[in-house]
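A.B. asks: The residues making up each chain are set out below.
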Amino acid sequence: AQSVTQPDIHITVSEGASLELRCNYSYGATPYLFWYVQSPGQGLQLLLKYFSGDTLVQGIKGFEAEFKRSQSSFNLRKPSVHWSDAAEYFCAGASSGGSYIPTFGRGTSLIVHP
Amino acid sequence: EADIYQTPRYLVIGTGKKITLECSQTMGHDKMYWYQQDPGMELHLIHYSYGVNSTEKGDLSSESTVSRIRTEHFPLTLESARPSHTSQYLCASSPGQDNSPLHFGNGTRLTVT
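Respectively, the protein sequence lines represent chains H and X.
Going from the first sequence to our numbering is simple: count from 1 and add 77.
Going from the second sequence to our numbering is simple: count from 1 and add 8.
All the pointers check out, no bait thrown in.
Here are the in silico distance ranges between beta carbons for each label pair: (1) H:78 / X:21: 33 to 41 Å; (2) X:49 / H:173: 22 to 30 Å; (3) X:19 / H:131: 42 to 50 Å; (4) H:117 / X:13: 12 to 20 Å; (5) X:58 / H:79: 16 to 24 Å; (6) H:135 / X:60: 34 to 42 Å; (7) X:21 / H:135: 39 to 47 Å; (8) H:86 / X:119: 21 to 29 Å; (9) X:94 / H:79: 23 to 31 Å; (10) H:97 / X:36: 34 to 42 Å; (11) H:191 / X:94: 29 to 37 Å.
Stretches of chain X that chain H covers, calculated by requiring three or more beta carbons in the stretch to come under 8 Å of a beta carbon on chain H: (12) 50 to 64; (13) 112 to 121.
Footprint (simulated), chain X over chain H, 3 or more residues, beta carbon under 8 Å: (14) 118 to 129; (15) 182 to 191.
These are computed hints drawn from the structure, not numbers from a lab.
Bear in mind the structure is a predicted one, so any value in this text is a computation, not a measurement.
Just so it is clear, CB atoms sit at the ideal spot from N, CA and C, and this is done for glycine as well.
All chains, please: the whole structure from these sequences, using the hints.
C.D. replies: Given below as structure tokens:
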């Protein structure tokens with residue numbers, strides 16, 4: 078089945094530390110991949126997306142993600158976390174050339190310690 | 009600035025009541041979606057639409073129904089609310105292109121007592 082998996086339910090980092098959130102995908106062909114962020118009481122906001130080409134994609138708020146076909150991964154990174162980054166992060170994927178109905182991972186909750 | 013609006017933001021209602029969750033978007037997007045979100049769980053697609061008069065059921069079995077009479081409006085209706093319907097409901101939209109990301113509303117938090 079086509080899916081994305083986020084293995085970490087919670088991640089705790091100190092402010093100023095680097096961050097990596099994991100996402101693995103399972104699709105027959107290279108999927109469209111996305112990272113979204115959700116602050117409490119809000120909807121999901123797009124951070125970045127990958128369709129093809131350069132495997133390192135830059136997003137908003139200083140985030141980046143790297144597509145690794147060999148590992149079926151699309152991990153989200155940030156070199157220095159700010160307290161305002163505390164939120165829920167969702168990885169999503171959609172089949173290219175298919176019905177394009179995005180599927181989402183269960184999310185990773187990021188906790189930032191001062 | 010939100011271009012997709014969901015009302016109400018919060019709703020507490022008794023079992024057996026009929027409810028409609030509203031969703032409207034001003035971007036002219038063809039595709040619209042309803043997702044159900046529970047803590048620590050994947051977002052589950054419950055309905056989607058490719059355009060006016062097009063509606064499809066998603067992966068998650070749902071007792072709700074939707075309609076798409078106008079491009080900008082995609083309401084979700086529960087004919088008889090039950091406690092198992094307690095959840096957060098997220099509406100989203102996207103343009104017609106396959107690889108476009110979704111734009112989300114702020115959600116409706118539904119509690120059925």
